[in-house]
Amino acid sequence: MGMQRGHRARPLEWVAERFILMVSLSAILMVLLIFVFVVREAAPIFTGRMNSALIKETIPVEKMDSLSSRELRDYLELTPEQFAAMDRDTLRLMMEVKAEAMNELPEYIRDDKDARVNTTKWRYMLLPHRWTGYDSPEYIWQPVGQIHKYNILPLIIGSLKTTLIGLLFSVPLAVGAAIYVSQLARPRVREVVKPMIELLSAIPSVVIGFFGLLVMASVLQGIFGYETRLNAFVAGIALGFAVIPIVFSIAEDALTSVPRSYTQAALALGASRWQTAWQIVLPAALPGVFASVVLGFGRAIGETMIVLMICSASVVSWDIFDSARSITTTIAAEMAEAVQGGHHYRILFMLGTLLFVVTFVSNMIGGIVMNRLKSRLEGGKA
Amino acid sequence: MNGTASPAARKGFQAERFDFASFFFSGLTGLATLLILSILAVILINIAANGWSGLSWHFVSTIPKKDFFNPETTGVLPMIIGTTIRVFLMTIFVIPIGVITAVYLTEYASQKAPLTRIIRAAVNNLAAVPSIVFGLFGLGFFINFIGRNIDSLLNNPGPVWGQPALLWASLTLAVMTLPVVIVATEESLKAIPPGLREASLALGATKLETIVRIVLPQALPGIMTGGILAISRAAGEVAPILFTGVAYYMASLPHRLTDQFMDLGYHVFVLSTQSPNIEQTRPILYATVMVLLMLTFALNLVAILIRARMRKKLRALG
Chain A
1 MGMQRGHRAR
11 PLEWVAERFI
21 LMVSLSAILM
31 VLLIFVFVVR
41 EAAPIFTGRM
51 NSALIKETIP
61 VEKMDSLSSR
71 ELRDYLELTP
81 EQFAAMDRDT
91 LRLMMEVKAE
101 AMNELPEYIR
111 DDKDARVNTT
121 KWRYMLLPHR
131 WTGYDSPEYI
141 WQPVGQIHKY
151 NILPLIIGSL
161 KTTLIGLLFS
171 VPLAVGAAIY
181 VSQLARPRVR
191 EVVKPMIELL
201 SAIPSVVIGF
211 FGLLVMASVL
221 QGIFGYETRL
231 NAFVAGIALG
241 FAVIPIVFSI
251 AEDALTSVPR
261 SYTQAALALG
271 ASRWQTAWQI
281 VLPAALPGVF
291 ASVVLGFGRA
301 IGETMIVLMI
311 CSASVVSWDI
321 FDSARSITTT
331 IAAEMAEAVQ
341 GGHHYRILFM
351 LGTLLFVVTF
361 VSNMIGGIVM
371 NRLKSRLEGG
381 KA
Chain B
1 MNGTASPAAR
11 KGFQAERFDF
21 ASFFFSGLTG
31 LATLLILSIL
41 AVILINIAAN
51 GWSGLSWHFV
61 STIPKKDFFN
71 PETTGVLPMI
81 IGTTIRVFLM
91 TIFVIPIGVI
101 TAVYLTEYAS
111 QKAPLTRIIR
121 AAVNNLAAVP
131 SIVFGLFGLG
141 FFINFIGRNI
151 DSLLNNPGPV
161 WGQPALLWAS
171 LTLAVMTLPV
181 VIVATEESLK
191 AIPPGLREAS
201 LALGATKLET
211 IVRIVLPQAL
221 PGIMTGGILA
231 ISRAAGEVAP
241 ILFTGVAYYM
251 ASLPHRLTDQ
261 FMDLGYHVFV
271 LSTQSPNIEQ
281 TRPILYATVM
291 VLLMLTFALN
301 LVAILIRARM
311 RKKLRALG
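Heads up: the sequence lines are chains A and B, in that order.
Just so it is clear: in the first sequence, position 281 is 281 by my numbering, and no numbers are missing.
Just so it is clear: in the second sequence, position 72 is 72 by my numbering, and no numbers are missing.
Some clues are possibly wrong.
Just so you have them, the derived chain B footprint on chain A, three or more residues with Cβ under 8 Å [claimed, not checked]: (1) 28-34; (2) 87-100; (3) 127-135; (4) 157-166.
Straight-line distance between alpha carbons at most 27 Å, and here's what the computed DSS-like set of lysine-lysine pairs gives [unchecked claim]: (5) 190/B - 374/A; (6) 63/A - 194/A; (7) 374/A - 112/B.
Some chain A residues judged to face chain B by a derived CB distance under 10 Å, without partners named [said to hold, decoys possible]: (8) 16; (9) 54; (10) 209; (11) 272; (12) 273.
Treat the hints as calculated values from the structure; they're not laboratory data.
Computed from a predicted structure; not experimentally measured.
For glycine and all other residues, C-beta sits at the position ideal for the given N, C-alpha and C.
Bound conformation, chain A alone (with noise of 0.2 Å):
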């Protein structure tokens, strides 16, 4: 068989090799796929082609012959398979149909200044607007009625307000442990108790949604005695719950990595344990507990059903005991209702690109900071 075929030329093995390189390429292109996919369907709101004012400018049938097919496509606002697949006098009534249906809109839709008003356009998804029956310029993120207000401001600030909650509450918890983990306790308590906190990152998300939701909400209710009984401050603390896992294994990893001679060298100087770790392992580490922290904060802003189940109000305020919209509840919660195609699907894609952005910078950073501690680390062992 095989065995005995000694070192002459394999093509077997040669294409076996190549078949195995070409999977293991695999992960790069569904990363690239991701993120082409994703921004494909945001695609029009990032090139300015989405127009969602209800009155637009109306083009008259006799001008059809001027337009581009590019020019009418869009005006029709059809995709290319089914501008392809309709004739002149079916485009024509298209033309006519919607001349007349701007024409039948409302009396008190036609006065109002905000139908002419393209909501995807980024003033107005970024910058506040004065809108019709509000008395100053405002954020506001309203996808129902008939003018949709995309404004993805409160969404933002209700994305930051939970996590920056949960790491404030996690990231002490979960450093905190992974310095006692690896550098106090007994090897007998480690064995114990490293992987029961990693049984804590084995609780699904929805559980933690539950579990807030149902029993946390009232019991920090009675502790703090706040109105709204659903906020990002119980939001955030459940998050918190999600995100120790992570911090703690990766601060723990790093402390762990230095050297055995330099807590060896501290301790027989007569520093003790806690002088040592404070001191020495923890000021050597430092990068890995801020790689730990960035890559906490990656995991909680994308987390998705902890927040969408606790709170889900969109208003902007950086009060903690006001309730918050996320980014990831509101493309969980609007994308069944949003017209597959129309703005409000696209902008929530855009959102989705968002977060990708976010979350692969923050990976990125979080990689390469424990990577260079880590040949760092090792270089001074040797």
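Fit chain B to the supplied structure of chain A, relying on the hints for placement.
Chain B only, in chain A's frame:
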């Protein structure tokens, strides 16, 4: 930690000067650890205490009618089946790709090569992509791109493939859990003593033969661990399947790849947020959470046990 002084000497050392700061801060970090453990304990005990009574054979073996909020008649059989099938399908896709990638990374790739680094960075990044973005990706890629193209190739009158389905949810989850399988497999491949490979090569086996007949069988427990961890991660995930296949209610069990399905995790979400009367739903909600947790924890436990046995075996070998 690594004790350098003998216990007796250390004792004398500490008695000599009691360092209050040391004592205080060590206690503080210990307290942090204790607090995390008690959070875990409170969650688990609360769920177990409230969920146990609602759990019954009737509950796990009944297909509920549309009104699944009624504690008397409801059950979670279709959700258990839906979750099981989607997770099983996922492993079929993810394990071969994950294992082959891990084999490339440990057995073939040169560790310093740029390509290897890029693959590793991609695996890392894939692990950090938020689960809801996987959902968007599944919708944008699998359903709107692949599914619709299949439909237009087959000239289907309406969408058959171009809509949320079991297949697309499983594929989305497979992409999501790819890093889990790669990392676990890599770990087990690295743990195999190089002597085994060298012996096989010295006997004249080719590299491929060594991998297929010597390395992979040895790594099997590690590969299984990776698969189980992927399953336990995917079983509880809801966000990636929201737009790619899960159904609020289905009268029948899924029997085609293009069917939608009901799901345990999503059912927890539905029961806790859509219930008309939360007090009435509470027992079945707790029982459903209990079933979901038992499923994921049992899987995790199996993974931990396999890993422990594998370590023991390798230690004996090494």
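With chain B as the partner, please determine if residue 54/A meets the hint condition of a C-beta pair closer than 10 Å.
-> Not OK, violated: residue 54/A not within 10 Å of chain B, min 26 Å.
Is the straight-line distance between the alpha-carbon of residue 190/B and that of residue 374/A 27 Å or less?
-> holds (18 Å)
Could you check if residue 16/A really has its C-beta closer than 10 Å to a C-beta on chain B?
-> holds (5 Å)
Please work out if residue 374/A and residue 112/B have their alpha carbons no farther apart than 27 Å.
-> It holds: about 15 Å lies between the C-alpha atoms, which stays within 27 Å.
Can residue 272/A be said to touch chain B, with a Cβ gap under 10 Å?
-> holds (4 Å)
According to a criterion of three or more residues whose C-beta lies within less than 8 Å of a C-beta of chain B, is the stretch 127-135 of chain A covered?
-> violated (count 0)
Does residue 63/A pair with residue 194/A here, judged by a C-alpha cut-off of 27 Å?
-> With a Cα-Cα distance of about 73 Å, the restraint between residue 63/A and residue 194/A is violated, given a limit of 27 Å.
So, residue 209/A near chain B? Judge it on the closest CB pair being under 10 Å.
-> holds (7 Å)
Close enough to count: is the Cβ of residue 273/A nearer than 10 Å to one in chain B?
-> Since chain B brings a Cβ to about 7 Å from residue 273/A, closer than 10 Å, the hint holds.
Examine the stretch 28-34 of chain A for residues whose CB is less than 8 Å from any CB of chain B, and state whether their number is three or more.
-> Coverage by chain B holds for the stretch 28-34 of chain A (5 residues, Cβ < 8 Å).
Three residues minimum, CB to CB under 8 Å: does the stretch 87-100 of chain A make the cut for coverage by chain B? Let me know.
-> violated (count 0)
Taking a Cβ-to-Cβ distance below 8 Å as contact, does the stretch 157-166 of chain A have at least three residues touching chain B?
-> violated (count 0)
The structure fails hints 2, 3, 4, 6 and 9 (numbered hints given earlier, in ascending order).
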